[in-house]
Amino acid sequence: MALKIVKGSIDRMFDKNLQDLVRGIRNHKEDEAKYISTCIDEIKQELKQDNIAVKANAVCKLTYLQMLGYDVSWAAFNIVEVMSSSKFTYKRIGYLAASQCFHESTDVIMLTTNQIRKDLSSPNQYDTGVALTGLSCFVTPDLARDLANDIMTLMSHTKPYIRKKAVLIMYKVFLKYPESLRPAFPRLKEKLEDPDPGVQSAAVNVICELARRNPKNYLSLAPLFFKLMTSSTNNWVLIKIIKLFGALTPLEPRLVYSCVHVVKYLGLLAMSKILKTHPKSVQSHKDLILQCLDDKDESIRLRALDLLYGMVSKKNLMEIVKKLMLHVDKAEGTTYRDELLTKIIDICSQSNYQYITNFEWYISILVELTRLEGTRHGHLIASQMLDVAIRVKAIRAFAVAQMATLLDNAHLLTGNMQRNGICEVLYAAAWICGEFSEHLENPMQTLEAMLRPKVATLPGHIQAVYVQNAAKLFATVLKSQEGNTDSTAAQETSQLMIDRLPLFVQSANLEVQERASCILQLVKYIQKLQQKDVEIAEEVNALFAGELNPVAPKAQKKVPVPEGLDLDAWINEPPSESESEDEQPKAIFAKEEPKHSRPRHTEVDEKELARRREARKQEQANNPFYIKASPSSQKVYQDTPGVEHIPVVQIDLSVPLKVPGLPMSDQYVKLEEERRQKERAEKKKKEKKKRKEKRSGRGKKHDSGPESEEDITPAHQVDIVTEEMPEVNSLDILYFVPLADSEKLPVRSHRETPKSPAEDGDTENAALQEPKKKSTKEKREKKKDKDRDRKVYDIQGNLQDGSQVVVSVIFENKGDSFLKSMEFNVLDSLNSKLQRPDGSGPHDGLTVPFQLPPGVSNEARFVFTVQSIIMPQKLKGTLTFIVKNEDSSTHEKLDFKLHFTCTSYLITTPCYSDAFAKLLESGDLKGSSVRLEGVNMPFHHLLARICFHHHFSVVERIDSCASMYSRSIQGHHVCLLVKTSGQTVSIDAKCDEPTLLGNVLDEIKQTFSQC
Amino acid sequence: MIKAILIFNNHGKPRLIRFYQYFAEDMQQQIIRETFHLVSKRDDNVCNFLEGGSLIGGSDYKLIYRHYATLYFVFCVDSSESELGILDLIQVFVETLDKCFENVCELDLIFHMDKVHYILQEVVMGGMVLETNMNEIVAQVENKISPSGGLSAAPARAVSAVKNMNLPEIPRNINIGDINIKVPSLSPF
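These protein sequence lines are chains A and B, in that order. Just so you know, we're using full-length UniProt numbering here: the first sequence kicks off at 1 and counts up by one. Just so you know, we're using full-length UniProt numbering here: the second sequence kicks off at 1 and counts up by one.
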């Protein structure tokens, strides 16, 4: 037996295997057919042998030939032989061959029945698996009939691998032997809920195939599939189920829905993409999309909403919104309803109410929306009401009437008040009624409504508006009553105020308190005057006279420059150089004068800033036209005409109206001025934006409006319109461009500076560093003893540990002798210590873990602990080693010094300009400066050199001025401002550690003195 | 149902054929030729679906194919299969091959047709999709190859080692440079 196996193996050695066959065919491209026919002859010989391995090999080759189009059915019996091999590898070859070339009319298939049954019941799951796989390809009606039972049993096999194969093959069995379907079906159905997703998927697969042939028998499974569809995460299963539903829907139309909703979602998604490019084509499907709003599926509805937003036009807006309003009423669940609400508002307000033709309609929509319970978008509605009422003059009467009703019925809203933000609407209502009180039909009634005790339960900011606007209303009421010559009525009104206001004076909210007490006092005074029969209505009204006008941030652009006004001409003498520098942080129109833009100077210190601030304040105080908005002084007496032509666009009234103004006083203006100035200065620093103060023809200076649209704080929002329009500048922002490619820093290379032996060991370091690498590297090299040994070292700051420095030393043996037993030792200083392994003394050397044959170099790393990094240091050290020649060996020693410069503790750290500015502003840094004369190199080279040698990174650079940043391993910030003019370079530096800074500057100076 | 899976190269040379419906050998070759003809004249940037050829199936059948470097993977399916699903399946299959052969290339398919078949058997069985989870497929393939590859394959390996040492044709065989084109990283569509 053993002999036989050996013989078999030897035989096989001379047989071709599949790879040999493939190779052979490829090498006989010209006479392929001939070659293959000899191969087939060989295979025939091999098949005649007893050895099953040889047979299997032959069958494997036949499978390949079959692919090339050769008929191999003559070997069917041999294939069956190989299939019945007990060895899995051979069996697999047999089954593969069978599945490739057996078919129903292959007569030997009859012989396989028992073998297959044996394999199916094999304890080895892989035997079973391979039999199932093979059978799936060549199952005949006979095989199906004979094996159906065995396969059914396998459907409940313990291994999911077998289960899923068995389930799948059942389809083939059903096809060939339909009688098996009925008994097998319950089990198949069971498999739909198999714990293994693979088996589940197989069952779905089979049922889908079956249902395709005869859908109506599978309708009953629809609920089960529906459940699967919603729960399965397997895409295949989903696809199959949708396909199945596709087959079932002709019989059960209700299924269309479930299947369609997946498709619908995708469709809507696709449409929204199309909408962006081809709005017209989507608009024609408006009705369809509106229908989708009725869909049960929330995600579909939300998609449809998105689409609607893009579809509205003047014509269909009302219709669409009407539909949406219906949905709002129907909608359950606040999320979707809130979504609807915001969408309605979005749709209506988009592009500046472009599509609204009737604002009365819009106001009533808004009022209707306030009826929504529990929405959190009260604020949104409120801001819309305000916006419309302010900007659409014609609508005010209507709006005021609506708002008055709203106020009157405020108690209807109070239910939701605490829970949700719908009461925000009252804020708008109160403000509108107060501000436009002249349109009120019955101001007295509204006034009373606003002073109801219940109001005290409203949130503070709303109460504040109530109080303030009650005062406005009071003024209006007073006016009408005085006209009536019925002084008692007027006095009664005052009394009402005096009675009700104390409630607010006691408010916990400061804003409310302040306003209430102020107004209460005012009313008391008025009452006094009334009692003396003084007509005061006029004066009271003057408190609130004039119109509020929102000004868009870009309004200035739209104002034509008057003829004869040259905005670029100097009004005064051009300020001196230094002054202009002072002005720069304020503003620069980058486009006009890009040359002037430069980063903030680090030396502009607090004092200087304060001085300038003072000066400007003075200037503004003296400027009669300089009026600034303040959050508490929205109103300005303002009877001057010429306001109408100011475009009123785009305002966001979210907040500014919160605090309708107390009468404006100079003091207020001034305070606000200061506050804003400070804020602006900060912003400027932060954003590195420059603005130029524009000078008008008459020399009036207006401060600019908001810095940029995105960082507008509401207090700045509405600038007051005076005769001179405030310059609401659109802010030309100068972004500092990063270094261009040409300015990129040099790449690190090992610089070797050979020194004479005399200098040995004490060479100055040449710090080389890769700019982007966060490590410090220093190199030096030494030569000694007729170039016997050479060392190059790096010093790297360890980022993880602020007190560790890694020195990598490259040892190179330049002599002809063998160096061994090298010991590296450094004389520790108080500050810096070589880290030695535990247990060794403080003066022990470290063994270098390698030997150096002639001409070989290797690197060793040593770790030093450094306590203070603010001073540079030199450490003396020795390297001892044994020089081994052919005949002798000597012990030698090499002295060296390691120079730890301060820059070697710096780590190139990128810094963003805003962080940089913040750092400078923090005031924690101490300054110092240095001047370098006779530096003759382009500025970017200079910067590159500093970056490269001293591990700085450029924060920003403008012309001949650049700010740079670096960080020490212990976290000291080092900031530089480098300026150049001619051959002189001045470096102003700031650092939180003056000693470190001084040393770094010295080192920088040294670097440049060397070149 | 999947009716056939064909893998052939840019010249129409079959690298693997798997019919799940019986066709005689000459018919199979004809189908390969026809399919190659249909598929190869299409640009790479047109869609991956093709209404079936006349030989296989007819109107209900579609060819869904993907072209990777030198190889076309063509699945001939009927309407019960989702086009995108099959497209994804091809990707899964190719990625599995890539995992099993470690950077699969056409040569792997040429010399290890049997192994490719065994991998395919774990993906599609009798024309129906068996498994779409690549990890599952790879696990099964490895399970089956390693136990068999262990003991029983040892003598076979020894044999092939001896062969490779002695046979004079080996050097000649090594410089088959023309087809050693790797399937590049299998980019998704």
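Check the hints yourself; a few may be wrong.
As the list claims (entries may be wrong) - In silico DSSO-like links for lysine-lysine, alpha-carbon gap of 30 Å or less: (1) Lys926/A with Lys820/A; (2) Lys99/B with Lys216/A; (3) Lys13/B with Lys44/A; (4) Lys322/A with Lys216/A; (5) Lys554/A with Lys393/A; (6) Lys62/B with Lys16/A; (7) Lys16/A with Lys44/A; (8) Lys118/A with Lys13/B; (9) Lys48/A with Lys16/A; (10) Lys99/B with Lys16/A; (11) Lys41/B with Lys176/A; (12) Lys833/A with Lys918/A; (13) Lys99/B with Lys34/A; (14) Lys87/A with Lys99/B; (15) Lys99/B with Lys159/A; (16) Lys62/B with Lys34/A; (17) Lys159/A with Lys115/B; (18) Lys159/A with Lys314/A; (19) Lys893/A with Lys876/A; (20) Lys926/A with Lys884/A; (21) Lys29/A with Lys41/B; (22) Lys87/A with Lys115/B; (23) Lys874/A with Lys918/A; (24) Lys532/A with Lys479/A; (25) Lys13/B with Lys115/B; (26) Lys115/B with Lys44/A; (27) Lys62/B with Lys29/A; (28) Lys876/A with Lys99/B; (29) Lys227/A with Lys216/A; (30) Lys48/A with Lys115/B; (31) Lys227/A with Lys189/A; (32) Lys41/B with Lys16/A; (33) Lys897/A with Lys918/A; (34) Lys558/A with Lys454/A.
Simulated from the structure, these hints should not be mistaken for laboratory data.
Okay, the hints, checked on the actual structure:
1. Lys926/A with Lys820/A: 51 Å, violated
2. Lys99/B with Lys216/A: Violated, because 43 Å separates the two Cα atoms, which is more than 30 Å.
3. Lys13/B with Lys44/A: Cα-Cα ~25 Å, so holds.
4. Lys322/A with Lys216/A: 43 Å, violated
5. Lys554/A with Lys393/A: Distance of about 22 Å is within 30 Å: holds.
6. Lys62/B with Lys16/A: 39 Å, violated
7. Lys16/A with Lys44/A: OK: Lys16/A and Lys44/A at ~13 Å, within 30 Å.
8. Lys118/A with Lys13/B: 38 Å, violated
9. Lys48/A with Lys16/A: Answer holds: Lys48/A to Lys16/A is near 15 Å, not above 30 Å.
10. Lys99/B with Lys16/A: 28 Å, holds
11. Lys41/B with Lys176/A: Answer violated: Lys41/B to Lys176/A is near 38 Å, above 30 Å.
12. Lys833/A with Lys918/A: 36 Å, violated
13. Lys99/B with Lys34/A: Since the Cα atoms of Lys99/B and Lys34/A sit roughly 37 Å apart, the hinted pair is violated (cutoff 30 Å).
14. Lys87/A with Lys99/B: Holds: Lys87/A and Lys99/B sit about 26 Å apart, inside 30 Å.
15. Lys99/B with Lys159/A: 24 Å, holds
16. Lys62/B with Lys34/A: Violated, because 37 Å separates the two Cα atoms, which is more than 30 Å.
17. Lys159/A with Lys115/B: Between Lys159/A and Lys115/B the Cα gap is close to 23 Å, so the pair holds against 30 Å.
18. Lys159/A with Lys314/A: The hint is violated at about 66 Å.
19. Lys893/A with Lys876/A: Given pair Lys893/A, Lys876/A holds - Cα atoms ~13 Å apart, limit 30 Å.
20. Lys926/A with Lys884/A: Violated. Lys926/A to Lys884/A sits at ~56 Å, over the 30 Å cutoff.
21. Lys29/A with Lys41/B: OK: Lys29/A and Lys41/B at ~25 Å, within 30 Å.
22. Lys87/A with Lys115/B: The given pair, whose Cα atoms are some 17 Å apart, holds under the 30 Å limit.
23. Lys874/A with Lys918/A: Violated, because 35 Å separates the two Cα atoms, which is more than 30 Å.
24. Lys532/A with Lys479/A: Roughly 17 Å separates the two Cα atoms, so the pair holds.
25. Lys13/B with Lys115/B: Status holds; Cα separation ~18 Å.
26. Lys115/B with Lys44/A: It holds: about 23 Å lies between the C-alpha atoms, which stays within 30 Å.
27. Lys62/B with Lys29/A: 34 Å, violated
28. Lys876/A with Lys99/B: Judged against 30 Å, a Cα distance of about 57 Å means the pair is violated.
29. Lys227/A with Lys216/A: 19 Å, holds
30. Lys48/A with Lys115/B: 25 Å, holds
31. Lys227/A with Lys189/A: 14 Å, holds
32. Lys41/B with Lys16/A: Not satisfied, since the Cα-Cα distance of roughly 37 Å exceeds 30 Å.
33. Lys897/A with Lys918/A: 40 Å, violated
34. Lys558/A with Lys454/A: 47 Å, violated
Hints 1, 2, 4, 6, 8, 11, 12, 13, 16, 18, 20, 23, 27, 28, 32, 33 and 34 from the earlier list are contradicted by this structure; the remaining hints agree with it.
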